[in-house]
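Chain A is fixed; fit chain B onto it per the hints.
Protein chains in written order, with this note's numbering: chain A, 176 to 854; chain B, 176 to 854.
These are calculated hints, taken from the structure and not from any lab test.
One should not assume that every hint holds.
When chains are identical, the list treats them as one kind, so a pair holds in a single copy or across two.
To be verified - Okay, derived cross-link-like pairs now, DSS-like style, lysine-lysine, Cα gap no bigger than 25 Å in a straight line:
(1) 570 to 595
(2) 591 to 570
(3) 778 to 551
(4) 537 to 595
(5) 325 to 536
(6) 594 to 363
Note that this is a predicted model, so its numbers are computed, not measured.
Protein chains: 2
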Amino acid sequence: MTISSEQPRNVLYPEGLRFGRIPITAVAPVIEDGRFPSKAIPDSDITVGATVFREGHDQLGVSAVLYDPRGKEVQRIRLTAVGAGLDRWEGRLRPAARGLHTFTIEGWSDLYGTWEHDASIKIAAGVDVDLMLAEGVALFTRAAEERTAKDAALFRRTAAELADTSRSVEDRLAAGGTLQVLEAIRRKPIRSMVTASPAYPILVERELAGRGAWYEFFPRSEGAVYNPEAGEWTSGNFRTAAKRLDAVAAMGFDVVYLPPIHPIGRTHRKGPNNTLTAGPGDPGSPWAIGSEAGGHDAIHPDLGTFEDFDAFVARAAELNLEVALDFALQAAPDHPWVTSHPEWFTTRVDGSIAYAENPPKKYQDIYPINFDNDPKGISKEILRIVLMWIEHGVKVFRVDNPHTKPVQFWEWLIAKVNKKHPDVIFLAEAFTRPPMMHALGRAGFQQSYTYFTWRNTKTEIEEYFTEISHVSPAYFRPNFFVNTPDILTEYLQYGGPAAFKIRAVLASMASPMWGVYSGYELFEHVARPGAEEYIDNEKFQYRPRDYAAAEAEGRSLAPYISRLNAIRRSHPALGDLENLILHPSSDSATVAFSKHKETAEGKDTIIVVVNLDPHSTRESTVFLDLGALSIDAADRNEDGTFWVDDLVSGQSFAWGENNYVRLDAHVEPAHILSVRRQR
Amino acid sequence: MTISSEQPRNVLYPEGLRFGRIPITAVAPVIEDGRFPSKAIPDSDITVGATVFREGHDQLGVSAVLYDPRGKEVQRIRLTAVGAGLDRWEGRLRPAARGLHTFTIEGWSDLYGTWEHDASIKIAAGVDVDLMLAEGVALFTRAAEERTAKDAALFRRTAAELADTSRSVEDRLAAGGTLQVLEAIRRKPIRSMVTASPAYPILVERELAGRGAWYEFFPRSEGAVYNPEAGEWTSGNFRTAAKRLDAVAAMGFDVVYLPPIHPIGRTHRKGPNNTLTAGPGDPGSPWAIGSEAGGHDAIHPDLGTFEDFDAFVARAAELNLEVALDFALQAAPDHPWVTSHPEWFTTRVDGSIAYAENPPKKYQDIYPINFDNDPKGISKEILRIVLMWIEHGVKVFRVDNPHTKPVQFWEWLIAKVNKKHPDVIFLAEAFTRPPMMHALGRAGFQQSYTYFTWRNTKTEIEEYFTEISHVSPAYFRPNFFVNTPDILTEYLQYGGPAAFKIRAVLASMASPMWGVYSGYELFEHVARPGAEEYIDNEKFQYRPRDYAAAEAEGRSLAPYISRLNAIRRSHPALGDLENLILHPSSDSATVAFSKHKETAEGKDTIIVVVNLDPHSTRESTVFLDLGALSIDAADRNEDGTFWVDDLVSGQSFAWGENNYVRLDAHVEPAHILSVRRQR
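In isolation and in its complexed conformation, chain A is listed as follows (with noise of 0.2 Å):
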């Protein structure tokens, strides 16, 4: 009954009907009638919904099946309507491997339902009960004839009950309603017309596509040594960077990023604090990349050999860190490809090559990539880098400015190498407006960077939160930075230390992928007069930093990060995005939100009261929607109220629906909260 996605369109089901008996429309996720699949990763919850509607008073059951890339059944869930007078359907899928999946969702005209529906009604009213129960009979006698042999035994025993004169007309309904045929019925409904909508794709990816956190870092400033009689730096290397991996293993990342390590160009090279100038000693823009060392099949000489790269992606792996390598398709006028492929730049009519602009502003050190003179050897020639640096280890790209190349290159780009290496993971770094952001996800990104930064006020991170997780996240896997080299927020500017907390507790509980460029944990925050940016960016020179001071004095941020991390690694909760849910609360500068998600150990409910405003406190009154929370009886204390453990405080306190909360900024901001189950 299941339809290929490869048949014309206008037709599903026979005769050349588009409906089917029982009308399905507005399969969710759906990402344009299925051209494109909706993503997943093992073990996270997927919601899926549909309206389905019938014609009549009878009974309608609707389910969701879950097909595995080799087409086989591997769950099946009944729907429940939401809302009313929608006629929507929802429920959650949970998929446990990886590989392209497909799910349908079926209407059908419920049996058992209508007729104890009806027959509930109708006796209780005095009208038709001969007839209702002769009717129970027959459903029963038909059912037991499609069942095995256990149900079948139950199924006869209860048409025998339901047809049994000598016992009150009471007692003969509820034999059709007994806890064993409720259950029967519940694994195997009685259905008709059963309709099946088409099959949808759903691409199960690996966990960390979905799953993670990011830590930032330049290879070059880790070990960089100023000289100050020659006023002169020794770059940091890959040798003396891999000291730094403990430290960001042991905060709880699992993807060390790092910005391009190719050989930079010296041409129009900038200078500190992105001066047009830069001295013979400054080591320019890692993303201006190329120069007669290479291109971006290369290594920075500074930085050292392919062998010390190898050892560095090795020691990651030691540590369960993953090397995430940037992909910034651009190119100095000193690439070796300027001037061995012209053709794939823009050449101008006085024969000059087109840098970047953005009229009448000139970026003189960057040569835009024109993929339009030559596709096809452009676009081997990227793959060939792709596959080589796979070669080397890395299996997670950060891909720069994804929105200045074509959509339609990405999406041949990454069906390549996914075809070869499915494992492999992109994480767009577009920052521009929403279609191309989701288009790039559509095309194949696995994550993209986000607005997340530039939204701090209470309304702004309610509309965000319920957006990335409610409305876009089939097709856009949000990974929120709470800082770059690009970024430096006024809000982390001006916040002071409670500001970063905030932002940190924001990023790691509502996404379950983020992300933290170093010297946040520092508190870094000052920046170029009149710029979102860090004043001497590191971009532009070496900055390298003592952590382990800072930590020893008790002016870093790790030991609160590392905490952050750890929760999420033992609160699965967190580790999935759809089951986002916003609470109100009073106070306008007090947001809180719940993840709640039920596994083989229990139910993991995490809740997360959040304190917006970095100078003050904040008392508020949070009103929890309990549903949400799935709280049991058992939970309860004998005043109904439930314990929550903070997991940043270690206090706990008794909730219920109306909880009041004070949060000094300058004590905790944040309350993380663990609902206390019965075991």
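For chain B alone, coordinates are given in the frame of chain A:
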């Protein structure tokens, strides 16, 4: 470059890519990825849109192209960006002919726009002056090669002027932006990277499918005579009813809709006011179809013969009226099918045929049809009946309760009928939840009854008008009936004559389709206590009315209705649906909306302002969105105002952006204003 709708949905572009060179997403109107066509009628404007964007800073052009049923391009328009930062583009297509059209969206790199933008900025800033002029020379020289002789000459001349170093830089740049150049580019832009979306279907049906005024009456009432001595009625018939047609035509209606004209069952016949027992002289409900005199293919003997019916249809045609028949797929217990085809009904376990019920309520006078026992048999019979009535000149069917039959049955039936008779129109009388109502529209129903009667407050009306004109018009054509034999709202019961005017104005001006059930013009407003239905309902008894006497005595709304229909006929703007625009007003009971359309005859603009409070005089300021009205400088008076003529009162007003309005419900509750244009 257009893509067949039959190709596998996952591959749109070469090499299996789903993104084209220019990404084009969220094309509208598109229903389920083109699985269903969107609805249109000839010469109606359809708003088309798409989200189109590209990498980088170069200018983007977006077009919509309409293809006729033979695949020939018949219209090409350039879309304009709407909103800010949303990458959304919109425009209006206007198909001229009937049949299954398609449209595509084209995205393209706008080479002229990019050059013009960059050159203007850079030359003004003194940057790359010679280079930008040389780029212009190259652009026009290349473009000239693909042009007709006249344009080619213009472009070569332009290139020469851009290259002419004897002239000033400003003059040379200006040569690239003369009116002639702009006009040539407007006619045919200079494009590259042209990318077409898939082709999506638009079904253009005949005008009556989307425009028309309907009048409903019971032929048995027209000419019915009560004999007080015998205490008996003589039924009206087609010959007597035909005498009513002149008045209906004079009021300006297009369709005369008759409740079922078939033999009426006797078993469990309902008496006056829906009582369970009918007296021997009670005629019964026309919807209880079928007796020994025949079923859906027969005419009630009281109404006359097929010859009489044919004469009625012929007389209507002389008056440019079409006859719409009620099509109610259900049977009275005496229907011939009950004995000839019991399998077309549901047989209960006791062998009896199931009557309609909503447990514990019973409707024993009606047997619902079961479409699942013998779907082929019942479908074939129903198709036969429809085709039979078509042979008798009926091209319009008002389908009773279609939502109680399978949606896929309607999809099948309407496709089958329309394939042979594309001019046949089906109106869905579905009053149920939105998904079913919308599904019936997608399944093929040309029109639908609506929630209009229950939308009475300003908020309700504004929300509903927005929905029917801007959300659902591609699949749901709203026929705004002001009343029906089943619906007499509290608003009409208690609103007095002003309420009847108000609702008639709203219905006739907001939707191109509206309907009136006879008696409305007589202000009939007394309900059966506790019900939203007429007392002494015509469904169960004869209701002859003396329309002429009422009109002579000034007790009739007929002249007002005639005026409304005359206004509709002489103002093409009122024949469109998607052009409805709401305008804010300061009063909570004053609603304002407009419709604007440009035709070969010029601009037609109607502004409607209605006082919704039938008991009061309301004063308000109406804030016009002048952009939506397209007021030219020539249309304005010296003080900036423009004239509007009230088509009801004959008054004229000088209006501007903000306008004081005073509407006394007891005099005229509504302005219907036509913007006066300069010839």
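For each hint, the structure was consulted:
In this assembly of identical chains, residue 570 and residue 595 lie within 25 Å of each other by CA distance solely inside one copy; the values are 12 Å within and 60 Å between copies. Within a single copy, residue 591 and residue 570 get their C-alpha atoms as close as 14 Å, which meets the 25 Å cut-off; across copies the closest is 56 Å, which misses it. Proximity of residue 778 and residue 551 under a CA criterion of 25 Å is satisfied in neither setting, with 52 Å inside one chain copy and 52 Å between copies. Proximity of residue 537 and residue 595 under a CA criterion of 25 Å is satisfied in neither setting, with 39 Å inside one chain copy and 65 Å between copies.
Taking identical chains as interchangeable, the C-alpha atoms of residue 325 and residue 536 are never at most 25 Å apart, the minima being 78 Å within one chain and 38 Å between chains. In this assembly of identical chains, residue 594 and residue 363 lie within 25 Å of each other by CA distance neither inside one copy nor across copies; the values are 38 Å within and 42 Å between.
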